[in-house]
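Could you slot chain B onto chain A? The hints should help.
Listed here are the chains, written in short residue letters.
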Amino acid sequence: MSRPTIMLVEDDTWLAASYKRQLVSDFEVIHSASAQSAIDSIDEKKPDLIVVDYILGGPNGMTLLHELQSHEDLASIPVILLTNLGHALSHIDLTAYGVCEVLDKAILGPSELLRVARKYSGNSAV
Amino acid sequence: MNGGYDAQRAGASLGVSEGVLAAAHELKSPLALIRQLSSELSSGRLTDSQRQIIEHQIRLVSERALRLTTDLTKSATLQAELFATESLQPRMIVEEVRGELTPLYEAHNRALRSVRRAYVPPVIANRDLLRRVLCNFADNALFYTTDDQVVELFVQLQREKGKVRIGVRDYGPPLATVVWRSVRSGHAEQPLVSMAERPASSGLGLQIAMQFAAAMGGTIGAIRHKRGASFYIELPISRQLSLL
Chain A
-14 MSRPTIMLVE DDTWLAASYK RQLVSDFEVI HSASAQSAID SIDEKKPDLI
36 VVDYILGGPN GMTLLHELQS HEDLASIPVI LLTNLGHALS HIDLTAYGVC
86 EVLDKAILGP SELLRVARKY SGNSAV
Chain B
15 MNGGYDAQRA GASLGVSEGV LAAAHELKSP LALIRQLSSE LSSGRLTDSQ
65 RQIIEHQIRL VSERALRLTT DLTKSATLQA ELFATESLQP RMIVEEVRGE
115 LTPLYEAHNR ALRSVRRAYV PPVIANRDLL RRVLCNFADN ALFYTTDDQV
165 VELFVQLQRE KGKVRIGVRD YGPPLATVVW RSVRSGHAEQ PLVSMAERPA
215 SSGLGLQIAM QFAAAMGGTI GAIRHKRGAS FYIELPISRQ LSLL
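As you go down the protein sequences, you meet chains A and B in turn. Read in order, the letters of the first sequence are residues -14 to 111 in my numbering. Read in order, the letters of the second sequence are residues 15 to 258 in my numbering.
Keep in mind that the hints were calculated from the coordinates and are not lab data. Quantities reported herein were computed from a predicted structural model and do not represent experimental measurements. Where hints are given, some of them may not hold.
[To be verified] Here are the in silico distance ranges between beta carbons for each label pair:
| no. | chain 1 | residue 1 | chain 2 | residue 2 | range |
| --- | --- | --- | --- | --- | --- |
| 1 | B | K240 | A | V9 | 53 to 63 Å |
| 2 | B | K42 | A | C85 | 16 to 26 Å |
| 3 | A | V9 | B | Q254 | 57 to 67 Å |
| 4 | A | P95 | B | T83 | 25 to 35 Å |
| 5 | B | P135 | A | D25 | 47 to 57 Å |
| 6 | A | A81 | B | V164 | 35 to 45 Å |
| 7 | A | L70 | B | E174 | 44 to 54 Å |
| 8 | B | S101 | A | K30 | 55 to 65 Å |
| 9 | B | V129 | A | R6 | 34 to 44 Å |
| 10 | B | P117 | A | Q54 | 34 to 44 Å |
[Said to hold, decoys possible] Derived contacts from chain A toward chain B, CB cut-off under 8 Å, selection only:
| no. | residue |
| --- | --- |
| 11 | D(-3) |
| 12 | S3 |
| 13 | R6 |
| 14 | G42 |
| 15 | K90 |
| 16 | L93 |
[Unchecked claim] Computed from the model, here is a short list of chain B residues facing chain A with C-beta under 8 Å:
| no. | residue |
| --- | --- |
| 17 | L51 |
| 18 | S53 |
| 19 | E54 |
| 20 | Q71 |
| 21 | H122 |
| 22 | Y158 |
| 23 | P187 |
| 24 | T191 |
Glycine included, every Cβ here is placed at the ideal spot set by N, Cα and C.
Isolated chain A, as found in the complex:
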């Protein structure tokens, strides 16, 4: 049985590698370092879940989410938003962008990303 696919959009390559090591036990992880390359990759293979950093080099995470919402077949993909700016996002209705959960990178627990990814991908295997 094939594993669910996560599109991980994170421009810090070392942080992305760390997240990928955490997720790879349960998921096929596709990494993009920018919103534009993520959009290109999603065109090739539609992921089951998107994990995106809010601040990226070039167009930011919200630009990616806007783009996804403009396509009917991509708008329903659940999104986990990673950020160091949790306090700055509290006034924005992120559910309109498909965001299921916002995770603060500064206080993220060792396996929390994996736990949340399992929750929203429907993969509850432990």
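Showing chain B alone in chain A's frame:
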């Protein structure tokens, strides 16, 4: 141009609360990364080679964050001290900076090189502040560089101005107009964030560079290229006889 600077202007350009907020923003990313990598080290799931790589990454990220905290400390104490200037050969400082940051660049699979051109005379500068300005620019350039791009340290004689330009050239995304205008005006206004082009920066590094440059009688400049940007410091040529 003498070695003093306008303390009032330096203080006004960085309000205390804005400066604290900007510093917190700049430090949060490397600290979050160190935390994440440290969590992995204690997870017990890594191979020996993975552990070595992560330990190296933690060290490099810590050093980068410490450069910022040291810059912040020097910036905060700039009004209380006079920083002595001397005649310095800029190419030597460039090579020192390249040597210091090459491990960080290599760990990111990037290249940092110095561009060699014709002889450039010595400048009047404070060695420590000049190194910090160049490290600041090169640290920033690393963030906006991809695998196939090189960051260049350069030294250029501006003969007609009697100055030498020492800087960093990257080939990343375009420099935001707001940042370029701020540099040209000489005031790094808050916020210096352009979410469309070079985000994730509070502009704090640029403000600190401007303060350090002013303390040495120099100025900071930026050039917008079709690809990427150059950030530089211009310093007066030393009129002392070279002993070399």
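Now the hints, each set against the structure:
1. At about 39 Å, the beta-carbon gap between K240 (chain B) and V9 (chain A) misses the expected band of 53 to 63 Å.
2. At roughly 24 Å, the beta-carbon separation of K42 (chain B) and C85 (chain A) lies within the given 16 to 26 Å, and the hint holds.
3. The beta-carbon spacing between V9 (chain A) and Q254 (chain B), approximately 60 Å, falls within the hinted interval of 57 to 67 Å.
4. Restraint check, P95 (chain A) to T83 (chain B): a C-beta distance of roughly 26 Å satisfies the suggested window 25 to 35 Å.
5. Remark: the range hint 47 to 57 Å for P135 (chain B) to D25 (chain A) is upheld by a beta-carbon distance near 49 Å.
6. Between A81 (chain A) and V164 (chain B) the CB atoms are about 42 Å apart, so this pair conforms to the stated range of 35 to 45 Å.
7. Remark: the range hint 44 to 54 Å for L70 (chain A) to E174 (chain B) is upheld by a beta-carbon distance near 45 Å.
8. S101 (chain B) and K30 (chain A) have their C-beta atoms about 60 Å apart, which keeps the hinted 55 to 65 Å range intact.
9. Separation of V129 (chain B) from R6 (chain A) is about 38 Å and conforms to the stated range, judged on CB atoms against 34 to 44 Å.
10. One distance hint, 34 to 44 Å for the beta-carbon pair P117 (chain B) and Q54 (chain A), holds here, with the actual separation near 42 Å.
11. Because the beta carbon of D(-3) (chain A) sits about 6 Å from the nearest beta carbon in chain B, less than 8 Å, this interface hint is met.
12. Interface hint at S3 (chain A): satisfied, since its Cβ lies 5 Å from the closest Cβ of chain B, which is below the 8 Å cut-off.
13. With a cut of 8 Å, the hint placing R6 (chain A) at the interface with chain B holds, because the nearest CB-to-CB distance is about 7 Å.
14. Because the closest C-beta pair between G42 (chain A) and chain B is about 6 Å apart, less than 8 Å, the hint holds.
15. With a cut of 8 Å, the hint placing K90 (chain A) at the interface with chain B holds, because the nearest CB-to-CB distance is about 4 Å.
16. With a cut of 8 Å, the hint placing L93 (chain A) at the interface with chain B holds, because the nearest CB-to-CB distance is about 7 Å.
17. Using the Cβ-Cβ criterion of 8 Å, the hint placing L51 (chain B) at the interface with chain A is satisfied: the shortest such distance is roughly 6 Å.
18. Taking 8 Å as the C-beta cut-off, the interface hint given for S53 (chain B) holds, the closest approach to chain A being about 4 Å.
19. Because the beta carbon of E54 (chain B) sits about 6 Å from the nearest beta carbon in chain A, less than 8 Å, this interface hint is met.
20. This hint holds: Q71 (chain B) has a C-beta 5 Å from the nearest C-beta of chain A, less than the 8 Å allowed.
21. Given the 8 Å rule on beta carbons, the hint for H122 (chain B) holds: about 7 Å separates it from the nearest Cβ of chain A.
22. The beta carbon of Y158 (chain B) comes within 6 Å of a beta carbon in chain A, closer than 8 Å, and the hint placing it at the interface holds.
23. A distance limit of 8 Å between C-beta atoms decides the matter here; for P187 (chain B) the minimum to chain A is near 6 Å, and the interface restraint holds.
24. With a cut of 8 Å, the hint placing T191 (chain B) at the interface with chain A is violated, because the nearest CB-to-CB distance is about 15 Å.
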